[in-house]
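Q: Chains as they are written, first to last, in this note's numbering: chain R, 1 to 118; chain S, 1001 to 1113.
Derived by calculation from the structure, the hints in this document are not laboratory data.
Just so you know, not all the hints are guaranteed correct.
To be clear about the criterion: a stretch of chain S counts as covered by chain R if any three or more of its residues have a C-beta under 8 Å from a C-beta of chain R, and this derived list gives those stretches [to be verified]: (1) 1011-1025; (2) 1101-1111.
Keeping only pairs whose Cα atoms sit at most 25 Å apart, straight-line, the calculated DMTMM-like set for lysine to aspartate or glutamate is [claimed, not checked]: (3) 49/R / 1024/S; (4) 1011/S / 88/R; (5) 49/R / 1063/S; (6) 58/R / 1074/S.
All C-beta atoms, glycine included, are put in the ideal place defined by N, C-alpha and C.
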Amino acid sequence: AQSVTQLDSQVPVFEEAPVELRCNYSSSVSVYLFWYVQYPNQGLQLLLKYLSGSTLVKGINGFEAEFNKSQTSFHLRKPSVHISDTAEYFCAVSLQPILTGGGNKLTFGTGTQLKVEL
Amino acid sequence: EAEVAQSPRYKITEKSQAVAFWCDPISGHATLYWYRQILGQGPELLVQFQDESVVDDSQLPKDRFSAERLKGVDSTLKIQPAELGDSAMYLCASSLSEANAQYFGPGTRLTVL
């Protein structure tokens, strides 16, 4: 079974500083990778996804992530954060449906709380 | 921009009562998911539908939870009877197909007293 580890439960950072949120996954087969953001009492919003192709993926709000197969990582980065980026960030993995017979549930990490300070 | 709709947004109920949540996916999305998110954790899949058929309900506590998507569009998740441990955020998501990204609704926050 696949699993996701988000190494940092909280990341404090000053506004306009760069940030990296770490994500490692475990799977014996090929996976799809995702980053979602969740604001308080709201659902999850898709930031970006890696399905195949280029290992550097650009998403919304200036975020990007790099898929590293050898290190089984999918770290999220932003060169300059804003106060409005304060939120919970979840890394998730799913197996390719062809491998599961149709089911493609997302397996989430425990989340990283990004707190941007002035 | 099309969104996944869920209602109610908040629900408070007493232990042993029945509760129901409704989800309307993005138009044209064939795949629908129900996730449960306990405070401080990531969401976990309860059930996945492809059109009106259940694809995965291996993590659904079938003694008290039920889900249906009768016409392959909107869906209802029911809990009967509710227990204290069911307090959580219940999230609905949809995708065009199994190979596409999932888009989430705003969720229903359930509190069981």
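Q: State for each hint whether it applies.
A: Hint by hint, here is what the structure shows:
Given a C-beta distance limit of less than 8 Å, the hint that chain R covers the stretch 1011-1025 of chain S is violated, as 0 residues qualify and 3 are needed. Counting residues of the stretch 1101-1111 of chain S whose C-beta sits closer than 8 Å to any C-beta of chain R gives 8, which meets the bar of three, so the coverage hint holds. Using a Cα cut-off of 25 Å, the hinted pair residue 49/R and residue 1024/S holds, with the two alpha carbons roughly 23 Å apart. Taking the CA atoms of residue 1011/S and residue 88/R, the gap is about 23 Å. The hint holds against a cut of 25 Å.
Straight-line distance between C-alpha atoms of residue 49/R and residue 1063/S comes to about 35 Å, which puts the hinted pair past the 25 Å bound. For a cut-off of 25 Å, the pair hint linking residue 58/R to residue 1074/S is broken: about 32 Å separates their Cα positions.
The structure is inconsistent with the numbered hints 1, 5, 6, although it conforms to all the rest.
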